[in-house]
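Colleague: Residue numbers (our numbering), protein chains in the order written: chain L, 1 to 326; chain S, 1 to 326.
Derived by calculation from the structure, the hints in this document are not laboratory data.
Computed from a predicted structure; not experimentally measured.
The reader is advised that the hints may include incorrect statements.
Note that identical chains are pooled: a pair holds if it fits in a single copy or bridges any two copies.
[Said to hold, decoys possible] Straight line, CA to CA, 27 Å or less: simulated DSS-like cross-link-like pairs of lysine-lysine: (1) 184 / 148; (2) 277 / 78; (3) 150 / 132; (4) 111 / 184; (5) 150 / 184; (6) 78 / 194; (7) 51 / 4; (8) 77 / 111; (9) 78 / 184.
2 protein chains.
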Amino acid sequence: VKLKARIGIDVMGSDNSPADLLAAAASLLPSLPSAVELIAIATSDQETLAKSLGLGFLFAREVIGMEENPLLALRRKKNSSLYIGLRHLKEGNLDAFVSAGNTGALISAAKMVLGAFPKILRPALLALMPTKKRPVAVLDVGANLELKAKHLIQFAHLGIAYQKARGIEHPRVGLLNIGSEASKGTAEIRLAYKTLQTLPSFAGNIEGKAVFDGEVDVLVTDGFTGNVFLKTAEGIASLVLDRLSAHIPSTIRAHLDDLRKHLHYAEYPGALLCGVKGTVVKCHGYSTPQAFANGIRGAIEFSSIHFIEILKKELEKEGSFAYPES
Amino acid sequence: VKLKARIGIDVMGSDNSPADLLAAAASLLPSLPSAVELIAIATSDQETLAKSLGLGFLFAREVIGMEENPLLALRRKKNSSLYIGLRHLKEGNLDAFVSAGNTGALISAAKMVLGAFPKILRPALLALMPTKKRPVAVLDVGANLELKAKHLIQFAHLGIAYQKARGIEHPRVGLLNIGSEASKGTAEIRLAYKTLQTLPSFAGNIEGKAVFDGEVDVLVTDGFTGNVFLKTAEGIASLVLDRLSAHIPSTIRAHLDDLRKHLHYAEYPGALLCGVKGTVVKCHGYSTPQAFANGIRGAIEFSSIHFIEILKKELEKEGSFAYPES
Chain L
1 VKLKARIGID VMGSDNSPAD LLAAAASLLP SLPSAVELIA IATSDQETLA
51 KSLGLGFLFA REVIGMEENP LLALRRKKNS SLYIGLRHLK EGNLDAFVSA
101 GNTGALISAA KMVLGAFPKI LRPALLALMP TKKRPVAVLD VGANLELKAK
151 HLIQFAHLGI AYQKARGIEH PRVGLLNIGS EASKGTAEIR LAYKTLQTLP
201 SFAGNIEGKA VFDGEVDVLV TDGFTGNVFL KTAEGIASLV LDRLSAHIPS
251 TIRAHLDDLR KHLHYAEYPG ALLCGVKGTV VKCHGYSTPQ AFANGIRGAI
301 EFSSIHFIEI LKKELEKEGS FAYPES
Chain S
1 VKLKARIGID VMGSDNSPAD LLAAAASLLP SLPSAVELIA IATSDQETLA
51 KSLGLGFLFA REVIGMEENP LLALRRKKNS SLYIGLRHLK EGNLDAFVSA
101 GNTGALISAA KMVLGAFPKI LRPALLALMP TKKRPVAVLD VGANLELKAK
151 HLIQFAHLGI AYQKARGIEH PRVGLLNIGS EASKGTAEIR LAYKTLQTLP
201 SFAGNIEGKA VFDGEVDVLV TDGFTGNVFL KTAEGIASLV LDRLSAHIPS
251 TIRAHLDDLR KHLHYAEYPG ALLCGVKGTV VKCHGYSTPQ AFANGIRGAI
301 EFSSIHFIEI LKKELEKEGS FAYPES
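Using the sequences and the hints, build the whole thing.
Modeller: Laid out in structure tokens, this is it:
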């Protein structure tokens, strides 16, 4: 484990104030080795606070708002916190970059600045979710809304490489669908199924219910469905825990709180932007400062295990996968 | 409440044996008023068993299998249990029809035999799901995989009419999306949003997480996303309850079991095929016999409150809604 890491933290353009996010980042410092540096990227009015909290600081003249059109914003704001963070990541001044800002802008800028791995047509947002066995990597959870079969196939390879990089020797891949038969789903899903069938790791179509039994390590879906999947899981978990907590004696309430942490998206280390040449972690715009801190923790973990280098090698091994026309 | 009802029950073509489904239906009889008749629709080899269990019997020469192409099967099998049930429903010999057979065939046959209400372009499968407040009607949960804006708009009106028929005076409608802003989602969702905005009952876009807070009474979505939504909710609820049950003393395990019932799709009274002129309840092909019995119970409830007549009136009141071109 490499203990030296420089993590760039964009505290601008989310639903939380920069001050709250700076405080959240700083709260991690006591538990981090001194060779891990957290570097805030923000407008100059945040500099005094950031430094007083023990954070590094990179100055950004501009901010891209949550509601801005991503492509227009990127054309106009080359000095935004988002761009500056990604440029430093590209140049090797940072080992990872964390943002809770405009998702569309972050993804487009990451593609432009960092570039994607060979054969990766579109990067995806990947989230790790709990199951009855080990966690499943779900992708895409929101980067691409409407997808062709070739994108779904690419996500399968990306997910396999990701889980191999996490140490799972033979990850199994499922395609999120409304039934297990090959004939189920939209035309693009059926086409993806046909190609994926040739992969030894392919476990076929899988329904939302079965995912949580832990039968697959990678769950492939489009960004719209994946996002709904993620947030539905969060909502229903909260519903169940709320209903239960009324009936539960305090002696076992600790188990409930523990479970709540594991099932709340907010406790997850953000979503990894998977497929670009650099470790980029996206936190929800509405993330609590606590969740944002966990996103940073995730980024530190990714950079400490040289995740991107391993991912790159695994993708090379996955080799010469082909895409169908659709 | 009308205590006289004749419920047609198609016990063919599901993953369960006809004998198991006959037994499940018969298990309801002791708790039903004698004026409620349960009438099995099956091949002749089931007649002796059905009658010995106290069920009525309608003979069907043919069965449509789960894996059959719906349109081909309907063209060839005019004497299938599914067709026969729907024809009796149309002719008023039955008050409701329950099936766990081929979904595509059931929907197509229902449209052909029963017809749809005026302005209803496509019937939808509607499921009632639990929230922190009152249950939400989710449609479509699997009848139509790819939809235009006009179909989503129609589902909003159908959902409103449904909830009004259930006694909710001013149902609120949400559009399932990946963010609350009008700019979120696919092109068809954005177009639907624009038209729905003119409805006073429209609460805007809603995320999977917020649905369970109970802010809306109707959740509009396409059949692919809705099906994933439903099954994800079932899966995560099962995960949470499984993890918890290990830590829970037997004294409060009853609460857990109670909750499990409410959160398991299998405990729901099937999905209502909403929009056709007749009460048709679809149970999952993999429904347990117990869930199938609950589907029948739901159908009895629907017919006892003259649900279809109320729905028809509410749809007329909803009146002259218009569809955008897309």
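Colleague: Checking an output row: residue 78 and residue 194, CA cutoff 27 Å. Within, between, both or neither?
Modeller: neither (43 Å within a copy, 33 Å between copies)
Colleague: Check residue 77 against residue 111 for me: Cα-Cα at most 27 Å, and say if that holds within a copy, between copies, both or neither.
Modeller: within (16 Å within a copy, 54 Å between copies)
Colleague: What label fits residue 277 with residue 78 when the C-alpha limit is 27 Å: within, between, both, or neither?
Modeller: within (20 Å within a copy, 59 Å between copies)
Colleague: With identical chains, the pair residue 78 and residue 184 could be close in the same copy or across copies; at 27 Å between alpha carbons, which is it: within, between, both, or neither?
Modeller: Answer is between: at 25 Å across copies they meet the 27 Å cutoff, but 45 Å inside does not.
Colleague: Indicate which option fits the pair residue 51, residue 4 if close means a Cα-Cα distance not exceeding 27 Å: within, between, both or neither.
Modeller: Classified as within: same-chain Cα gap 20 Å, cross-chain 77 Å, threshold 27 Å.
Colleague: 27 Å Cα cut-off: does residue 150 pair with residue 132 within a copy, between copies, both or neither?
Modeller: neither (30 Å within a copy, 40 Å between copies)
Colleague: State whether the alpha carbon distance between residue 111 and residue 184 is at most 27 Å within one copy, between copies, both, or neither.
Modeller: between (33 Å within a copy, 21 Å between copies)
Colleague: Can you give me the call for residue 184 and residue 148, within, between, both or neither, at a CA distance of at most 27 Å?
Modeller: both (16 Å within a copy, 20 Å between copies)
Colleague: For residue 150 vs residue 184, is the C-alpha pair at or below 27 Å within one copy, between two copies, both, or neither?
Modeller: both (18 Å within a copy, 24 Å between copies)
The earlier numbered hints that this structure contradicts are 3, 6.
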